[in-house]
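Undergrad: One-letter residues, chain by chain:
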Amino acid sequence: MIHDSLIRERLVTGDKTAADVTRDISRPILNQPSSAWKVGFTLSIVFLAIFGISLFYTIWTGIGVWNINKSVMWGWDITNFVFWVGIGHAGTLISAVLLLFRQKWRMSINRSAEAMTIFAVICAAMFPVFHMGRVWVGYWALPLPNAFGSLWVNYNSPLLWDVFAISTYFSVSLLFWYIGLIPDIATIRDKVKTKGAKYWYNFFAMGWTGSTRTWARYELVSLILAGLSTPLVLSVHTIVSTDFATSVIPGWHTTIFPPYFVAGAIFSGFGMVATLLVVARKVMNYENYITIGHLEAMTKIIMVTGTLVGIAYITEFFIAWYSGVPEEQYAFLNRAFGPYWWAYWSMMSCNLIAPQVFWFKWARTTPWFIFIMSIVVNVGMWFERFVIIVTSLHRDYLPSSWVMYAGSLTEIGLFLGTFGIFFTCFFLFAKFLPVINMAEVKSILRNRE
Amino acid sequence: MAILDKNLSLRNRNKILVGVWEDEDALVDAAHALVDKGIHIHDIYTPYPVHGLDRIIGVKRSKLARVAFLCGLTGLILMVTMIWYMYVIDWPINIGNKPVRFTPSWIPVMFEGTVLCTAYGMGFFFFWRNRMLFAVKNDLLDDRQTDDRLVVAIETVEGMNEAEVVELMKSKGAVETKEFQAVCK
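First to last, the protein sequences are chains A and B.
Under the working numbering, the residues of the first sequence are numbered 145 to 593, in order.
Under the working numbering, the residues of the second sequence are numbered 3 to 187, in order.
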């Protein structure tokens, strides 16, 4: 016999029924877009245009329009790449890792977090692809026969591992997201009135009826996909970290990178999820679904991962000193007290110090404050990548190669532009697909023990 | 074993008795009661997964996990073969006399390929088994079965006392009972 829990706090408040869930969550899809949506979408399109212009200028004129040079050959581009990939990771963490741990609070937020993963990976992929310079031969990164102009790809190179990792990650996340969406698309299919909408929702619903047989297999597939995505998400950021760690550059050549990068990725991803959801729950009236309890759980993860990242920063510093290698020691002292000290201390204060406010319950339960903190986290994590990349490169082995680096207008435009890609996709998603997983939320309306 | 699950189509069947519930617990009780009476429940349609229903109506445990394993194995073999061919057979490169066969640097690509093949292979068989394809249309027994109603479908067989079944469903909390006969094209 199953009982309703008397002590556990409800995951969905407001005494919602299944019909309420359908009505509330499909409201933005079935109705005309709100003015908030229109304003947000227009703004995103403006940023998308900035991306288009910057990209066109980059391709048309050549990679020289970026300020990268022979010493700092990775600048804003790879900083942005790692930044966006990192953001993507929270989506998989929420949907896969929390599913394996049977954390039911994930159910209200996994859909939007997974969508975020997919859009963030699209943004991330832009940077290494266009950093290739001659993007029209970008297919040389694929394992194609020598007759295509290149030799076989180099399996010893982490950059190639990245090609496989990012494309697998994107494809598997997309499949996971889509399979999760099917029951909800079917719900929308049975609600929409116009002919065009009926056709398209029916098209993507794949004939879903909610049969018990299908549900049983669906749950098994979700579980296996979660089991696959968990090592996958760890592997992706591990591989991204090996882009640096397998090199011999002081400041990069450290074995702590994989776990440190993964923790950082989860940290930044939860930052972005919090940014999006604090706004979405208010604008879309989802306060009963994405409750203060959800925000609190996310802030706890932000605090833990932020502290992990902070410990990694300190460990790196300690190991640099303890290794006795002068180059390593110099690299780290230069990070903290060299010309880019402001970036280093921005990173430290945003990622290690700032999240400590979440020890206080007030900070964990006040949405506007969480929103501000989530922005701080995102800024801090961008600076982390900037610090790792630029401070390690700008002091080359030969002092004659020492340079300073700052992003050019085109690089800044590309970065701001990716927010255009991200938010344009997100606004379209919020208009045409249910932002909250209706089927899963319906299954937790009763507070089972 | 045929991959496509024929149970999922409601076409070419006898008349179906439909019972509609609005409460999950009542439905589970009703399903137990029906099965205890020896009535074969063809399927139950729910807007969200109700755990345990598959066992009650006698759906066997899915073999998709094994399929996923085989797909993963295929992926792994494909990747090893690919790297082996490119690195060892077609164009071996001598890098400081280091070994070229099965170095740890192969592992990331092998792993990613395995995951990709597992996920997509399993997804492919999942869709196939469940009769799911873009734009497929299936019969719905109730307009709200993807919204908030839980629908039991019982296929009539010869000698079945239909009135008794309907009465049992009503007594177990069905808010509505009806009959359904798929239109065959």
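Hints were generated in silico from the structure; no laboratory data involved.
Possibly wrong hints are sitting among the right ones.
[Claimed, not checked] One side of the interface only, derived from the structure: several residues of chain B facing chain A at Cβ under 8 Å: (1) Asp-31; (2) Pro-49; (3) Val-61; (4) Tyr-89; (5) Val-90; (6) Pro-94; (7) Ser-107; (8) Pro-110; (9) Val-117; (10) Ala-137; (11) Gln-147; (12) Lys-174; (13) Gly-175; (14) Phe-182.
Ideal placement from N, C-alpha and C gives every residue a C-beta, glycine not left out.
Undergrad: All hints are to be evaluated individually against the structure, with a verdict given for each.
TA: Verification of the hints:
no., hint, result
1, Asp-31, "violated (10 Å)"
2, Pro-49, "holds (6 Å)"
3, Val-61, "holds (5 Å)"
4, Tyr-89, "holds (6 Å)"
5, Val-90, "violated (11 Å)"
6, Pro-94, "violated (10 Å)"
7, Ser-107, "holds (4 Å)"
8, Pro-110, "holds (4 Å)"
9, Val-117, "holds (5 Å)"
10, Ala-137, "holds (5 Å)"
11, Gln-147, "holds (6 Å)"
12, Lys-174, "violated (16 Å)"
13, Gly-175, "violated (16 Å)"
14, Phe-182, "violated (12 Å)"
In terms of the numbered hints stated before, the structure departs from hints 1, 5, 6, 12, 13, 14, listed from lowest to highest.
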